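**Student:** As you go down the protein sequences, you meet chains A and B in turn. Using our numbering, the first residue of the first sequence is number 1, and each one after it goes up by one. Using our numbering, the first residue of the second sequence is number 259, and each one after it goes up by one.
A couple of the hints might just be wrong.
Covered stretches of chain B (in silico footprint by chain A; criterion: 3 or more residues with CB under 8 Å from a CB of chain A, positions within the stretch not fixed) [as the list claims (entries may be wrong)]:
| hint | stretch |
| --- | --- |
| 1 | 316 to 323 |
| 2 | 341 to 347 |
| 3 | 358 to 366 |
If we take Cβ atoms under 10 Å as the criterion, some of the chain A residues that face chain B in the derived model are [to be verified]:
| hint | residue |
| --- | --- |
| 4 | V7 |
| 5 | R21 |
| 6 | R22 |
| 7 | S89 |
| 8 | L95 |
| 9 | L96 |
| 10 | A97 |
| 11 | A98 |
| 12 | P99 |
| 13 | R166 |
| 14 | T167 |
| 15 | R193 |
| 16 | T197 |
Hint data in this document are derived by calculation from the structure and do not stem from the laboratory. Keep in mind that this is a model prediction, so the values were computed, not measured. Note that CB positions come from ideal geometry on N, CA and C, so glycine has one too.
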Amino acid sequence: MSLEPRVIAALGRRALSVQFRRAQLLMPTFVLPLMLLAVIASGTSSAQDLEGFPAVGSYLSFVLPGTIIQGALLAGLTSGIALASDIESGFFDRLLAAPVRRVSLVLGRLAGTLGLSVLQTAFFLLVALPFGARYPGGVAGLAGTVVLAAVTAVGIGGIAAAIALRTGSLSLMQSIFPFVFVLLFTAPAFFPRELLTPVLADLAVFNPLTYVVEASRGLLAGDAELGSPIAGLGASLGLAIATTALAVFALAERLRTT
Amino acid sequence: MPPLDAAAPAVEVRGLVREFKGGIRAVDGLDLEVRGGEIYGFLGPNGAGKTTLVRILTTLLRPTSGSARVAGYDVVTDADRVRRSIGVALQEAAIDPLMTGRELLRMQGALHALRGSEAKRRASELLDRVGLTTAGDRRVGGYSGGMRRRLDLALALVHRPDVLFLDEPTTGLDPTSRAALWREVRSLNDEGTTVFLTTQYLEEAEQLADRVGIIAGGRLEAEGTPDVLKARVGEPMLIVTVDDPADADAAREALRELGRVEPCAPGGTPERVVVRTVRGKEAIPPAIRALDERGVAVASVEVESPTLDDVFAAVTGSRLEGAAEPESAAA
Ligand SMILES: Nc1ncnc2c1ncn2[C@@H]1O[C@H](COP(=O)(O)OP(=O)(O)OP(=O)(O)O)[C@@H](O)[C@H]1O
Ligand SMILES: [Mg+2]
Chain A
1 MSLEPRVIAA
11 LGRRALSVQF
21 RRAQLLMPTF
31 VLPLMLLAVI
41 ASGTSSAQDL
51 EGFPAVGSYL
61 SFVLPGTIIQ
71 GALLAGLTSG
81 IALASDIESG
91 FFDRLLAAPV
101 RRVSLVLGRL
111 AGTLGLSVLQ
121 TAFFLLVALP
131 FGARYPGGVA
141 GLAGTVVLAA
151 VTAVGIGGIA
161 AAIALRTGSL
171 SLMQSIFPFV
181 FVLLFTAPAF
191 FPRELLTPVL
201 ADLAVFNPLT
211 YVVEASRGLL
221 AGDAELGSPI
231 AGLGASLGLA
241 IATTALAVFA
251 LAERLRTT
Chain B
259 MPPLDAAAPA
269 VEVRGLVREF
279 KGGIRAVDGL
289 DLEVRGGEIY
299 GFLGPNGAGK
309 TTLVRILTTL
319 LRPTSGSARV
329 AGYDVVTDAD
339 RVRRSIGVAL
349 QEAAIDPLMT
359 GRELLRMQGA
369 LHALRGSEAK
379 RRASELLDRV
389 GLTTAGDRRV
399 GGYSGGMRRR
409 LDLALALVHR
419 PDVLFLDEPT
429 TGLDPTSRAA
439 LWREVRSLND
449 EGTTVFLTTQ
459 YLEEAEQLAD
469 RVGIIAGGRL
479 EAEGTPDVLK
489 ARVGEPMLIV
499 TVDDPADADA
509 AREALRELGR
519 VEPCAPGGTP
529 ERVVVRTVRG
539 KEAIPPAIRA
549 LDERGVAVAS
559 VEVESPTLDD
569 VFAAVTGSRL
579 EGAAEPESAA
589 A
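Chain B with its partners taken away, still in its complex shape:
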């Protein structure tokens, strides 16, 4: 295999369209690039087109129009080279419940042209890596959801791929299993693997991804680092609740120098004072001091930062189901 051109993106998608029978455009004119060594998070609600894109990039589905290159190779005309370069964990962990984890790994090794002894050694190594050594000789049908996902990841790693595709790797997992999988993905990335993962979870995108693409209705609605995306939506809000609504104006006066004070919303709660400030949580101590100097009694001071859900709402006009509560730092 020729060495991967360092300058070539790991994934390069141009004007990609996939139409299904019945005229559904699951992917509707996508352009995106994933750089080598990056973790790219593809965030979108049910039916957004995430799986369709992953299936095109992993050569399982043909594009209707447009082009896609993975590891420098065209997914249609050079599918075999693409397959050699990628590891894939599909959304429905496609593992045969009647086989054991070790058998599956050895079979996967053979599919990637490993010799018998090599496949055997690699299977043990990977079972160990994902913490399935003791479960490795049990049938997969008896595995928990988290164990299946870990095995699925191990299967994707048999041939040490350059680019790893994970379609919703943690959907349905409990927080502990999720965190374990995140650790594994991070360490793979540290070893140099490029990771393309899809998720419905904002937290996952935020925790794991260097860059996030937001997809809805088959289109890329926004893209960038989580911080840049959040900054686009707005500055963090400092929210002060005063004891006595009569003090609200004095509080507004006191907080003026911290940022942009929002006018009292008609019909809003009169004891609530909101200041938009780039200083975020760091604005809390000076705010308390300033309020104290003016003798304003406060019930609470907190900071709300925009979340990826806010970004999502801003670009798509709807919220992600099951989105996390806004981050807040209370004092």
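Okay, chain A solo, but in the shape it has when bound:
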């Protein structure tokens, strides 16, 4: 099975540049997570005094991985939205009429998601610095976090793309938005697992994002006690591979039934 790197790169570049020209996609990916971060960090920093809270430099450092993963989720979701919009406008037909492997159309879209997530994560990590975030994990920890987030974004992008391909509906994609937060709040994004209610804590075990958030916390703090990088990478890679396959299957299904 030969890949088409040139095609995937061209589609990824296009997806990424359009993302930056569309305010309604830029808002949720870059601005929304930061706003939530500001609210949480300023309003609930006393949470850190709670018993069971792990020792992390500051609450900001603790929730930043949550913000980063939230960004990855939204990056994935917006790429599904952009895909649905391509389908509705007929742009996707232009791609389908080209002599390229159908898999490349999915991979190109997800390459854009990957690129977006890298930029986003770097942005969040940088913005948090002047507000007191510190990264004892060093360069390796930062790089690891960027990779984890990007792979997670692809994982969510795969689900979003699969839904977009099956329904071809932009409005449906937009209505999925709130579910992202369900996914986020059933993971210890903003509170440690020990502080989640029993039901949520049980759910968190099955949420791959749990392992991603904890791993990134561990990587940034340079403390594997906080989360295993291997578990995080495993969870995000597993998610990415499974949902990419799902999206490829959804495209094949779409082509078979039209």
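For chain A, the structure is supplied; the task is to place chain B with the ligands on it using the hints.
**Tutor:** Chain B with the ligands alone, transformed into the frame defined by chain A:
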């Protein structure tokens, strides 16, 4: 890519049917052939099935039954080879308003396996060809309808396709933009590109197409060169309006040798005399002479040729919306 067999038709459709959910047969048993190097005009009203056929021929839609080959390749089993051979400009110009013309062209180049530098050069070349060099670095969202159509055409040409599909390329364009697009299509055809275009405009089919197929309700109702199709409907009419209705019979007598004189229609205008003549416009001078010799005073002499709209009306029983006025040569 193996060279295209010169004898193989550029498009070959056999018993093609496409049924949509709900039982609509958008294409209902089509057979047609387009020869290499030809401009084939597919003429039909809204909902006739034009886009459905184009989407099948460009591998975007699967046929329900029947078969279609493009550039010698089956559109279902050999879709990738078909895609390499064709250029497509779909009805809804599928261009991303947030991208610039040049970006779109370069992306299209990459989709057709051009290397970066090659795609870049080809983009400039094509922008120049369709007159968008200065607009090329602007976002497509700000283009006029005519500019979009031209860009769409350029996009279809990136890989120098053998067969070009244009779905209603000039719908909604003003006469100047339309004429510019026609010129471009003609010059592409002169370079050897086979063109399959759909249109709702009789004039477009007439001006551009070597052969015309008339589609209605998913069926091919008539096919041929515009001249042959028009001749099928009838000979041109020479229409003489005399000053004094009392002279009408004398006029009929005088025009007898020019063609078949139609009897005065009951309830028609008595000063109107109609002669069916193959000579068309050339019958005007002898008609005036003959009338003059008999001393018949005439108000006007004109020739009405059948139009593709007449052909359309004859084969489908209805007229195309917005059809052009009948061609007439008045004297
Ligand atoms: N995806 C679809 N699902 C159901 N019906 C469809 C679909 N696409 C087209 N049709 C129907 O098939 C028929 C032919 O449509 P088509 O778009 O091919 O016509 P057309 O000749 O291109 O018309 P127009 O001049 O308006 O573009 C119409 O009745 C249309 O409603
Ligand atoms: Mg159409």
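**Student:** If a hint holds in the structure, say so; if it does not, say that too.
**Tutor:** Verification of the hints:
1. Counting residues of the stretch 316 to 323 of chain B whose beta carbon lies closer than 8 Å to any beta carbon of chain A gives 5, which meets the minimum of three for the stated coverage.
2. Only residues whose C-beta sits within less than 8 Å of a C-beta in chain A count toward coverage, and the stretch 341 to 347 of chain B has 4 of them, enough to reach three; the restraint holds.
3. Using a Cβ-Cβ cut-off of 8 Å, 4 residues of the stretch 358 to 366 of chain B lie near chain A, which meets the minimum of three, so the contact claim holds.
4. Given the 10 Å rule on beta carbons, the hint for V7 of chain A holds: about 6 Å separates it from the nearest Cβ of chain B.
5. The interface hint given for R21 of chain A holds, since its Cβ lies 4 Å from the closest Cβ of chain B, which is under the 10 Å cut-off.
6. For R22 of chain A, the suggested interface contact is upheld, since its CB lies about 6 Å from the closest CB of chain B, less than 10 Å.
7. Annotation: interface hint on S89 of chain A holds; nearest CB of chain B at approximately 7 Å, less than 10 Å.
8. For L95 of chain A, the suggested interface contact is upheld, since its CB lies about 7 Å from the closest CB of chain B, less than 10 Å.
9. The criterion of a C-beta within 10 Å of any C-beta in chain B is met by L96 of chain A, whose closest approach is roughly 6 Å, and the hint holds.
10. For A97 of chain A, the interface hint holds, the least distance from its beta-carbon to any beta-carbon of chain B being 5 Å, beneath 10 Å.
11. Taken as an interface hint, A98 of chain A checks out: its beta carbon lies about 4 Å from the nearest beta carbon of chain B, inside 10 Å.
12. For P99 of chain A, the interface hint holds, since its Cβ comes within 10 Å of a Cβ in chain B; the closest pair sits about 4 Å apart.
13. Because the smallest distance between the Cβ of R166 of chain A and any Cβ of chain B comes to about 16 Å, over 10 Å, the interface hint for this residue is violated.
14. With a least beta-carbon distance of about 15 Å to chain B, the hint placing T167 of chain A at the interface is violated under the 10 Å criterion.
15. Checking R193 of chain A against chain B: minimum C-beta separation of about 42 Å lies over 10 Å; hint violated.
16. Annotation: interface hint on T197 of chain A violated; nearest CB of chain B at approximately 44 Å, more than 10 Å.
Violated hints, listed in ascending order, are 13, 14, 15, 16; each of the other numbered hints is respected by the structure.
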